[in-house]
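Protein chains in written order, with the numbering used here: chain G, 1 to 396; chain R, 1 to 495.
For the record, the hints were derived by calculation from the structure and aren't laboratory data.
Just so we're clear, the structure is a prediction, and the values are computed from it rather than from any experiment.
Any given hint might turn out to be false.
What the hints assert, rightly or not - Quick look at which bits of chain G chain R covers, simulated, 3 or more residues with Cβ under 8 Å:
1. 103–109
2. 196–202
3. 271–285
4. 315–327
What the hints assert, rightly or not - Here are a few chain G residues that sit away from chain R, every Cβ distance over 12 Å (derived from the structure):
5. D49
6. L71
7. A89
8. T150
9. E305
10. S352
Even for Gly, the Cβ is constructed at its ideal location relative to N, Cα and C.
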Amino acid sequence: VSAIEYDVVIIGGGLAGLTAGAVLTHRGLRTALVTSGEPTACLSTGCIDFCKGPSALEAMAALPAEHPLHLISTGDLHAAKDMFLKIMAKSDLLYHGDLGHNRRILTAIGSYKTTCLVPDTMQASPESEHQAFHLVTFAGLKDFYPSYITARRAVSVSTYDAGVCTTMGIATRFESEEFLDDFLLWLGGLTIREDLIAIPAVLGLESASRIFRAVGEKMNRPVFEIPTLPPSIPGRRLFNALKNHFRAQGGDIYWNWPVDGVEKTGTTIEAVYTQSHGRPSRIGARAFLLATGSFVGGGLTSTREAIIENVFNLPVHIPAGRDTWFEDNYFFANHAVSKAGITVDKTFRPDSSPLVNVFVCGGILAHTQILKYGCGHGLSLSTGYAAARACAETLS
Amino acid sequence: VIIIGGGATGCGIARDLALRGIGHCLIEKGDYAAGATGACHGLLHSGGRYVVTDPIAARECYEENLILRRIGSKCVEQTGGLFVRLPGDSKRFRERFLRGCDEAGIPTEILSTTQALEAEPNLNPAVEEAIRVPDCSIDPFRLCLLNMKTSQLAGNPVFTHHRVTEILKSHGRCTGVRTVHTVTGETREIHGNILVNASGAWTDRIAALAGCEVPVTLSKGSLVITNQRISNMVINRLRPPSDGDIIVPNEAVSLAGTTALSADNPDKIRVQPEEVDAIIREAGKMLPRFHSARIIRAFSGVRPLLASLKKDSREVSRGFQIIDHGNGLYSIIGGKLTTFRLMAEKMVDAIMTAFNLKRSCETAQKPLDGQDELSGYPLSKRLADLSDVVCECELVRKEDIVRTIRENGSCHIGDISHRTRLGMGPCQGGFCTFRALGILQTERMMTPNQSRRMLHEFLQRRFRGIRHVLWGDQLREEQLVEYLYLGILGMEEEA
Numbered sequence: 001v002s003a004i005e006y007d008v009v010i011i012g013g014g015l016a017g018l019t020a021g022a023v024l025t026h027r028g029l030r031t032a033l034v035t036s037g038e039p040t041a042c043l044s045t046g047c048i049d050f051c052k053g054p055s056a057l058e059a060m061a062a063l064p065a066e067h068p069l070h071l072i073s074t075g076d077l078h079a080a081k082d083m084f085l086k087i088m089a090k091s092d093l094l095y096h097g098d099l100g101h102n103r104r105i106l107t108a109i110g111s112y113k114t115t116c117l118v119p120d121t122m123q124a125s126p127e128s129e130h131q132a133f134h135l136v137t138f139a140g141l142k143d144f145y146p147s148y149i150t151a152r153r154a155v156s157v158s159t160y161d162a163g164v165c166t167t168m169g170i171a172t173r174f175e176s177e178e179f180l181d182d183f184l185l186w187l188g189g190l191t192i193r194e195d196l197i198a199i200p201a202v203l204g205l206e207s208a209s210r211i212f213r214a215v216g217e218k219m220n221r222p223v224f225e226i227p228t229l230p231p232s233i234p235g236r237r238l239f240n241a242l243k244n245h246f247r248a249q250g251g252d253i254y255w256n257w258p259v260d261g262v263e264k265t266g267t268t269i270e271a272v273y274t275q276s277h278g279r280p281s282r283i284g285a286r287a288f289l290l291a292t293g294s295f296v297g298g299g300l301t302s303t304r305e306a307i308i309e310n311v312f313n314l315p316v317h318i319p320a321g322r323d324t325w326f327e328d329n330y331f332f333a334n335h336a337v338s339k340a341g342i343t344v345d346k347t348f349r350p351d352s353s354p355l356v357n358v359f360v361c362g363g364i365l366a367h368t369q370i371l372k373y374g375c376g377h378g379l380s381l382s383t384g385y386a387a388a389r390a391c392a393e394t395l396s
Numbered sequence: 001v002i003i004i005g006g007g008a009t010g011c012g013i014a015r016d017l018a019l020r021g022i023g024h025c026l027i028e029k030g031d032y033a034a035g036a037t038g039a040c041h042g043l044l045h046s047g048g049r050y051v052v053t054d055p056i057a058a059r060e061c062y063e064e065n066l067i068l069r070r071i072g073s074k075c076v077e078q079t080g081g082l083f084v085r086l087p088g089d090s091k092r093f094r095e096r097f098l099r100g101c102d103e104a105g106i107p108t109e110i111l112s113t114t115q116a117l118e119a120e121p122n123l124n125p126a127v128e129e130a131i132r133v134p135d136c137s138i139d140p141f142r143l144c145l146l147n148m149k150t151s152q153l154a155g156n157p158v159f160t161h162h163r164v165t166e167i168l169k170s171h172g173r174c175t176g177v178r179t180v181h182t183v184t185g186e187t188r189e190i191h192g193n194i195l196v197n198a199s200g201a202w203t204d205r206i207a208a209l210a211g212c213e214v215p216v217t218l219s220k221g222s223l224v225i226t227n228q229r230i231s232n233m234v235i236n237r238l239r240p241p242s243d244g245d246i247i248v249p250n251e252a253v254s255l256a257g258t259t260a261l262s263a264d265n266p267d268k269i270r271v272q273p274e275e276v277d278a279i280i281r282e283a284g285k286m287l288p289r290f291h292s293a294r295i296i297r298a299f300s301g302v303r304p305l306l307a308s309l310k311k312d313s314r315e316v317s318r319g320f321q322i323i324d325h326g327n328g329l330y331s332i333i334g335g336k337l338t339t340f341r342l343m344a345e346k347m348v349d350a351i352m353t354a355f356n357l358k359r360s361c362e363t364a365q366k367p368l369d370g371q372d373e374l375s376g377y378p379l380s381k382r383l384a385d386l387s388d389v390v391c392e393c394e395l396v397r398k399e400d401i402v403r404t405i406r407e408n409g410s411c412h413i414g415d416i417s418h419r420t421r422l423g424m425g426p427c428q429g430g431f432c433t434f435r436a437l438g439i440l441q442t443e444r445m446m447t448p449n450q451s452r453r454m455l456h457e458f459l460q461r462r463f464r465g466i467r468h469v470l471w472g473d474q475l476r477e478e479q480l481v482e483y484l485y486l487g488i489l490g491m492e493e494e495a
């Protein structure tokens with residue numbers, strides 16, 4: 001058994017875990033992040049939603065009393081957001097937005113999604129039907145069909161043959177100068193009357209900003225990306241930027257190391273065990289931050305009778321029996337099961353658990369109802385920030 | 001002849017009429033096998049299940065089992081079946097069962113615990129013994145398609161997605177029907193000399209359109225499907241019929257059921273969570289792996305049975321009856337999937353008598369048409385080119401979808417699923433339906449508005465099938481799909 005010691009071990013490499021990692025490394029704490037693999041952030045639009053409504057701040061204030069966003073002061077919300085914007089700007093992945101104002105972005109079916117902070121590539125996304133645009137798409141693209149959009153508004157469409165038909169495949173090709181030049185040449189030859197150009201979100205991975213700027217300059221008018229179904233390129237850009245920042249700050253990432261055991265003395269967790277490279281490893285720390293997400297992320301598992309927290313077996317808040325977990329209406333977005341999770345105190349330590357050095361943040365928290373309130377990434381960002389601060393203060 | 005109903009019975013009648021040279025058309029309000037036919041196990045009974053309760057039905061089943069294995073060798077999987085006796089199951093029932101099989105001529109073989117486990121390693125090791133019978137599995141939808149193939153080859157028209165709204169009459173005789181297309185709303189009049197009401201659970205409603213009464217008892221049965229095949233053979237419990245006593249393998253999956261609850265309205269049946277739990281509990285006693293299996297869907301069907309005063313619908317006869325309403329309308333009710341051909345034969349015999357024609361039935365001798373095109377589960381063919389795969393779970397390519405629609409002339413997402421298996425895998429169409437509808441728009445086979453509406457309807461219908469089986473990995477997958485549609489695509493905000 002190899003043994004490694006840290007100040008803090010974060011379990012989970014999604015938005016909450018990586019945000020917490022940024023806070024902890026900024027404070028000079030020796031921090032490791034253990035993750036079983038790609039986070040759900042890679043499936044997301046890349047936008048940061050805090051809460052649906054005209055103003056995210058006002059909408060958050062109106063959330064039910066038990067919602068975990070109430071654990072964070074307005075000052076801390078701003079601080080978390082500012083930290084995020086700063087990290088993104090440094091990573092050449094500019095984000096825009098303000099907690100006082102929500103905005104809408106166009107979806108791949110021509111509807112709108114309410115969000116708060118958007119990447120530069122979506123800043124020009126229209127918020128109403130009146131704004132005309134020209135849509136550039138790619139031949140055979142599997143998860144993007146312009147007609148879902150043209151059904152709702154007058155849009156002219158041009159199609160480029162990229163030679164591949166997945167979002168990931170096209171994004172990778174855009175990283176090649178030659179491909180980009182060919183694309184720009186073709187684009188320049190189009191007659192486009194509209195003042196705005198839409199494109200599915202495939203404009204490169206690492207060099208997205210440069211490619212995005214090149215397209216805008218070539219066409220001499222604003223361009224925006226439309227997020228697609230997963231694999232989502234903007235979600236992956238966001239994840240990559242946060243991951244690289246954490247590493248640059250000196251954080252260690254144990255990638256593909258699922259936690260399969262814990263070492264406990266009394267009420268203190270001493271270490272987590274993971275299986276990797278065919279042998280067990282012990283990763284010890286003074287404190288542990290649980291950011292494993294909900295069901296999709298892998299933090300929670302349900303059986304026919306119960307819902308289980310997978311790492312520390314923390315008590316889970318369960319909304320009554322399985323027959324009440326879902327409503328009949330699919331579009332309800334308020335199924336009781338979305339309230340399942342871990343309830344925490346003001347310092348993000350699990351309620352009704354004796355463990356003293358475990359902190360919990362992100363989608364695994366109880367009462368989040370992410371789809372109903374539209375608070376996914378915003379919740380992860382702000383609770384990741386606040387839980388990490390509470391953890392750091394305890395350690396000092 | 002106008003046939004109303006595209007279940008196994010209606011399709012069987014179409015084939016029989018075609019082979020006897022009688023012009024006809026078939027009208028169905030959904031796709032083929034939309035009622036009880038498509039909502040059953042897909043079990044081609046050996047007859048064993050009925051030998052104790054209904055010896056006549058048992059004998060019919062066995063005879064039809066032999067015929068279908070012969071004429072449909074490529075669409076019947078000769079799995080064989082076991083009746084397993086678990087600790088506590090009545091030995092007296094076992095004796096009655098063996099005697100019944102003997103009397104019905106159903107071959108049996110008694111297997112010891114060791115022999116049973118050798119034949120079916122996933123069986124509960126506590127099994128006391130097992131009796132082998134010639135049960136088989138059959139794909140009910142494919143069975144309908146193959147029967148219709150003969151009808152269509154002879155040039156007879158089919159109207160799927162057409163609902164009968166009126167039965168036309170002249171001088172007291174039924175002379176035709178008025179229909180409405182369920183997607184486009186287009187109406188149509190179809191005329192004929194004889195109308196056959198083979199609408200299963202809807203028989204009384206159709207008969208009422210002609211002012212006739214048919215006494216029908218509806219019995220709801222629910223089933224669950226796993227994402228993989230758990231047994232090679234059909235597994236039955238050796239005891240009087242009760243909940244969750246049959247598990248049928250069908251190609252890559254297993255189905256377990258059923259339950260029996262009385263029902264009123266065939267359009268409003270729902271699976272209840274208690275039924276799912278009961279089926280899994282009982283199926284798990286025979287195949288313990290059922291407890292950990294990933295259940296991808298639960299669904300209910302309605303058995304149309306002859307009305308009876310008996311309380312438990314399992315005791316109602318599974319036999320069938322043909323009613324001549326005396327005005328050109330015939331109703332055929334009861335029966336079961338296994339005996340559909342026999343039912344069709346008797347129905348067409350009556351029609352021939354009415355027309356005063358003589359030509360005997362050939363459906364038991366001639367092999368089903370079109371089997372070569374549909375044979376098996378050609379995975380290797382599907383794996384040849386992966387770049388155009390639309391449904392990753394079932395390896396359905398774009399060209400399969402486009403071809404299916406062109407051949408079928410309809411653009412209902414269900415039609416595509418039934419014919420290609422699109423969306424039948426673990427995600428239950430969560431990813432590929434969005435794509436399939438996008439392709440249909442791009443190919444101009446459907447307007448964008450139609451496809452948006454269909455996506456909405458599909459998601460709601462899909463949820464009804466999976467809502468009661470959401471736990472474990474299936475819940476995890478569903479939360480992801482919900483996030484795609486309601487989170488990324490914002491469908492909830494607009495709903």
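### Query
Closest CB-CB distance from G:L71 to chain R, is it above 12 Å?
Answer for G:L71: holds, closest chain R Cβ roughly 23 Å.
### Query
Residue count check for the region 103–109 of chain G against chain R: does it reach three with CB-CB under 8 Å?
Three-residue rule met by the region 103–109 of chain G, so holds; n is 3.
### Beyond 12 Å from every chain R Cβ - status for G:T150
Non-interface label on G:T150 violated, nearest chain R Cβ at 6 Å vs cutoff 12 Å.
#### Entry: Assertion that chain R covers the region 271–285 of chain G - criterion: three or more residues, beta-carbon distance below 8 Å
As far as the region 271–285 of chain G goes, the hint is violated, because 0 residues have Cβ atoms under 8 Å from chain R.
#### Entry: Assertion that G:S352 lies outside the chain R interface [Cβ separation over 12 Å]
holds (24 Å)
### Query
G:E305 clear of chain R by more than 12 Å, beta carbon to beta carbon?
Given that some Cβ of chain R is not farther than 12 Å from that of G:E305, nearest at about 9 Å, it is violated.
#### Entry: Non-interface label on G:A89, tested against every C-beta of chain R at 12 Å
holds (25 Å)
### Query
Does the claim that G:D49 lies off the interface hold, with its Cβ farther than 12 Å from every Cβ of chain R?
violated (8 Å)
### Message
Please verify the coverage claim for the region 196–202 of chain G: does it have three or more residues whose C-beta sits within 8 Å of some C-beta in chain R?
### Response
violated (count 0)
### Task
Test coverage of the region 315–327 of chain G by chain R using CB-CB distances below 8 Å; three residues minimum.
holds (count 4)
Checked against the numbered hints given earlier, this structure breaks hints 2, 3, 5, 8, 9; the rest are met.
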